[in-house]
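Q: Single-letter residue listing:
Number of protein chains: 4
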Amino acid sequence: MTLDVGVLGYRFMGEAHANALARLPMFFPDAPAVNRRVLVGRDEEALADAADRLGFESTATDWRDVVDEVDVFYNLGPNHLHAEPSIAALEAGTPVFCEKPLAPTLEGAEAMADAARTADVPAGCAFNYRFVPAIQYAKQLLEDGTLGEIHHVRGRYLQDWLVDPDAPWAWRLDEGLAGSGALGDLGSHTVDLLRFLVGDDELAGEIERVSGHLRTFVDERPVEDRDDDVETRPVTVDDAYSAQVAFENGAMGTLEASRFASGHKNDHTIEIHGSDGSLRFSLERLNELELLRDGNRGYETILVTDEDDPYVDHWWPPGHVLGWEHTFVHENYEFLTAVAGEASRDDGEAFEPSFEDGLAAQRVLTAIEDSDERGEWVDLE
Amino acid sequence: MTLDVGVLGYRFMGEAHANALARLPMFFPDAPAVNRRVLVGRDEEALADAADRLGFESTATDWRDVVDEVDVFYNLGPNHLHAEPSIAALEAGTPVFCEKPLAPTLEGAEAMADAARTADVPAGCAFNYRFVPAIQYAKQLLEDGTLGEIHHVRGRYLQDWLVDPDAPWAWRLDEGLAGSGALGDLGSHTVDLLRFLVGDDELAGEIERVSGHLRTFVDERPVEDRDDDVETRPVTVDDAYSAQVAFENGAMGTLEASRFASGHKNDHTIEIHGSDGSLRFSLERLNELELLRDGNRGYETILVTDEDDPYVDHWWPPGHVLGWEHTFVHENYEFLTAVAGEASRDDGEAFEPSFEDGLAAQRVLTAIEDSDERGEWVDLE
Amino acid sequence: MTLDVGVLGYRFMGEAHANALARLPMFFPDAPAVNRRVLVGRDEEALADAADRLGFESTATDWRDVVDEVDVFYNLGPNHLHAEPSIAALEAGTPVFCEKPLAPTLEGAEAMADAARTADVPAGCAFNYRFVPAIQYAKQLLEDGTLGEIHHVRGRYLQDWLVDPDAPWAWRLDEGLAGSGALGDLGSHTVDLLRFLVGDDELAGEIERVSGHLRTFVDERPVEDRDDDVETRPVTVDDAYSAQVAFENGAMGTLEASRFASGHKNDHTIEIHGSDGSLRFSLERLNELELLRDGNRGYETILVTDEDDPYVDHWWPPGHVLGWEHTFVHENYEFLTAVAGEASRDDGEAFEPSFEDGLAAQRVLTAIEDSDERGEWVDLE
Amino acid sequence: MTLDVGVLGYRFMGEAHANALARLPMFFPDAPAVNRRVLVGRDEEALADAADRLGFESTATDWRDVVDEVDVFYNLGPNHLHAEPSIAALEAGTPVFCEKPLAPTLEGAEAMADAARTADVPAGCAFNYRFVPAIQYAKQLLEDGTLGEIHHVRGRYLQDWLVDPDAPWAWRLDEGLAGSGALGDLGSHTVDLLRFLVGDDELAGEIERVSGHLRTFVDERPVEDRDDDVETRPVTVDDAYSAQVAFENGAMGTLEASRFASGHKNDHTIEIHGSDGSLRFSLERLNELELLRDGNRGYETILVTDEDDPYVDHWWPPGHVLGWEHTFVHENYEFLTAVAGEASRDDGEAFEPSFEDGLAAQRVLTAIEDSDERGEWVDLE
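Residue numbers (the working numbering), protein chains in the order written: chain A, 1 to 381; chain B, 1 to 381; chain C, 1 to 381; chain D, 1 to 381.
Think of the hints as simulated: they come from the structure by calculation, not from any bench.
Fair warning: there could be bad hints in the mix.
Claimed, not checked - Covered stretches of chain C (chain A as the covering partner; in silico rule of three or more C-beta atoms under 8 Å from a C-beta of chain A): (1) 9-22; (2) 47-61; (3) 193-203; (4) 259-271; (5) 275-287.
None of the values given here were measured: they were computed from a predicted structure.
Backbone N, C-alpha and C fix where the C-beta goes; we use that ideal spot for every residue, glycine too.
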């Protein structure tokens, strides 16, 4: 059986997922066969070019025509387009894979999770960083109790593409279109990774309370391609956020993200200290994990590219490093495998991160925003 | 003229300062001559041994007999002994050099700063990390505007000596004796360094608002040397703290310290991002500064050991690295020079960090504690 | 026009190149269209499986049937199969892309280069590390004179897959099949990279003299899958080599490779010191270049993933790192572009690294072996 | 009993040792008491200033008047002054501590070692880097067999103070005064450290054969302070050397040093690969050791500042890093302890590194020079 896939969105994320789909047969031959059936967008010319280059059979300008005609629906559009098409697809019984953050508002995320619960088909939220081999390896170590009781957690996602005040306005800077700024775009990744890594009851558990801080350093920005008569638009989202968090089981954490961190391009760093050890990870060196084991004296820099490291046997020999895009191949492999299992039998393992995970992250982000507005700690019920 | 110095405290800090005094003549020949006149402590036997080893002429068991008999009084005792002897010395017109944090309570710090204002002799607070050459070099860069407008500040001081729940109780774990835990012991260094580096009006300015979070992971600990009948005492201070801070001029920051950060021994890290560059410093690699300059693409790892680097011409050729203790030599040199200047003429330059700086740091720490108790942001007036 | 490609070899390198060919249309849309026409190998079953997975139309067990039937011939077989099929293809006027080292012996490499000179079609030697963006960026810096006059060059390629004396015998350990060991397999990469980076007349120029040192630490190894009656075969190649080299223009260098460097998986490091700066590169962190510029004080760690970095505009935004396999996409793009240019007009730019480059590297390697045998420096004529 | 010490040389090394002597009582209270008796030099005025600052009782301009009048003679003069005064002192029965390299020529070193053998008092060669705590810790690990059988050794000492062709001439650039350049000054440290770390019979054993390469990049240099009429003097020593070495037990190594390595100030790096692990050390981060242990996957960065690390209990708590100069305190402690032991009883443990060690290093350096001249490998008998 071949899965017909419909994809909404053909820019950055569209390319990342199309590439992943294209690579599965060669490297994950047991993945379900996939047909890149239809690419959805508004600008017909750009869409046709993209469909050609990304290997889609056809195009459509209205997602309504697509969601019930395909076996899987990928929602890779801007955040404000996440809820409606995803819900429609789920209501049509079509499995959905949606980019993060799940929705620009908590209400949207809740509606999406509701739809997923009702639909009983896989509904995945594409937090791709769970699928970095070093992160999967860290997860195993944590599950095995290697770090002991968790005391400290640190998550930091630094970029610098807005530090120039003349950097142009974009949809990501508008609250209506994006929901939030660095918080949603980057912070959602951090929250999801921490939930994945230490969220188990035996470890730190869920985040229970947060204290947030949001800042917009530059309030308006020029609209691109309007050089004669310079026009600006307001920036209505945060350029940076920080947060303090308290976990169920007593661990404490600090979170942070910025688009103003000069010199940092895509620097997502996770640090965890437990009673028996510590670990550190940086996305800019994603093949590496720094691990302090019980009995050792310092952090060990591990190149997570051995044959028995997660997913690595599908690729190259030890030391032949993977890139950012491989995380998409891994997550597509897992998601499509779940879809195929679901399609053929009832007991298919659910795919995670699911819409529930997307909602859980959104709850934390919303609480951080609330806390910033109210100037006090906010509990997650 | 030779300055007679009286020193209260003969353990860790006593040794660090005695060593600094002993090294001045060889490496800072223009420093005032110093006579290690009298060492003050309670345990006469241990005191006598220490005085012998650390090169003191005599000992005393009551600081009251000392503070008006010497030219300079060093207060290196535990935190709860900072206020009274220091104030008495200042009231006697004796310059005082006091270890950090200035006092266990804000009231104590205010009384000390009052006494200093009245006394009109140098009153220094021994935040030695200002005197790391790499920090002084960073300060110059910041003053020159190398980093532009400051957006982000991060300060983190990680140790792990309490991660073992059987680590013994000590005076540093008692609120009455120490004031606070990681917050006062480690956080005071962080707050002072950030004030020093970016506190100028042209940079981030002072810290205006804070949100704090304190945790005690282990509530009681065994008393050492009571093996037969194991006795424990309560831990009444924080094992770790974190804070979010907002600066006058709009920069945001996160602070953190812990005695539970497995694998970190004395890891004091400062990170600053500005509109034109960034910098990073770690105390465990104190000869280095990582700097992103405008026009460069990445952080440059600078070994701050060149002849024209701050204080370095007093020591060794480039690349012959300095250690932790050299910071004490530099701060003693500056403090004693200020004392000698003060003694001979009225217009002597004031020594910084002063009791005012100690008080300013204490205000931030107290606000962090208040914020943690109240669950909301706290303004510094 | 679509190029029909025939490929000899379907294991590690077969997969790396098939993947590269498959990815060109999506990321390098201006690359010539390619038809994976025929895959050549001896084991029919394994070959059929590989052809299916790697996307080839057909298979063949004799390269003689292929070399004049395709538009391009890829020779990715073991070293002892490099010369004959490549020469036959060139004699048939078919462009050839051959894996490195060009041949197991100098005579073989000379015959191949002769055939390439006569044939007047592109004959490429697949030194893929020239096509790492950070290496291309380093090349630009060197050509621009950023490092000034070159004094020192260091090249080191460390692996550890043979450190266990029970690691099984393989064809790479037989002189007849492989030519040499670490020297040819790893050292050929190092020599080619150094020739690429500093071989220009204005920089260090060619290597003029060498002194070599080869070692075999384990002389025989078990044959795999013969557990009952343990059989061993002799190791007749080097496990490690080192060399000192002198360049035309006075620079000096040290080279080294090993399969016994515990803890190093694929650690190819290049270091260059010039009168105005220095640079460092490590393959295990292939997205980074460490650069000391004139006027700076230390090495700057540059993440070479900006839009204007070589090849990066074809991929992802800044900080979204590439992997090892991307080097194959880049080299295939360049090679096929040269082939297409050659096919349509006479003035097509030659592809480099060519068979001449493969021969030049082989000359250095052979001189290193000769030097080791003779115990003295050997001149390259 | 107090040892009267006479010291020849009052510049860089004079200061380093005077500082070490001055610090012993406070930090190594069980060290023999020392009296800085007499400082020897030629320039009376500079000498008097130095004696005052460095704490010497008196001065002398002729070492002949000193060597038999003191309990210990320190020879810290330029290399060409090592042999005669050291031999005279030993002939007078005075223990000698001589800076490295032991002598500018092999003949000189042999004569010195002969004198030491005859004298039967401690004769130490001041290879201070043996006394870095991290090196002592590495030595223990190696002795315990942590790295298994040694395969590879790498030693590299990089500086850049001569990369500017206008850097002034100095005695270190004259063969008659210095013996050799980077080879003797820096390479002697490397050879000694490797002998110390892996020279035991159970490890790599002694160096058996060498192949050397020496280069002088700039042949003449301006004499300082002759600005009007620029005068130059020839550089008659090497600016840089490299060597390949073969050890008794089959390990291979590469050595290198340079004064032309832009960006490196005092970068002495040691790397060792064994069958069970690897280690790395860099002098610019001398508090750290990178260790790959059997069973671990990557190098562990160890801060060698724990209480039970070598010498560390004499200093500060964990993480309070030491500097370059502490190595002198440790070596003076060991040397003077040996002297005091020798003085009071016959069975005193010999101090190492001794003149024999200095001679052994000199033999390797001389063989490297010979090899470079002859263009072939040279055996050490």
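Q: Work down the list of hints and note, for each, if the structure agrees.
A: Structure-based check of each hint:
| no. | hint | result |
| --- | --- | --- |
| 1 | 9-22 | holds (count 6) |
| 2 | 47-61 | holds (count 3) |
| 3 | 193-203 | violated (count 0) |
| 4 | 259-271 | holds (count 4) |
| 5 | 275-287 | holds (count 5) |
The structure shown violates just one earlier hint, number 3.
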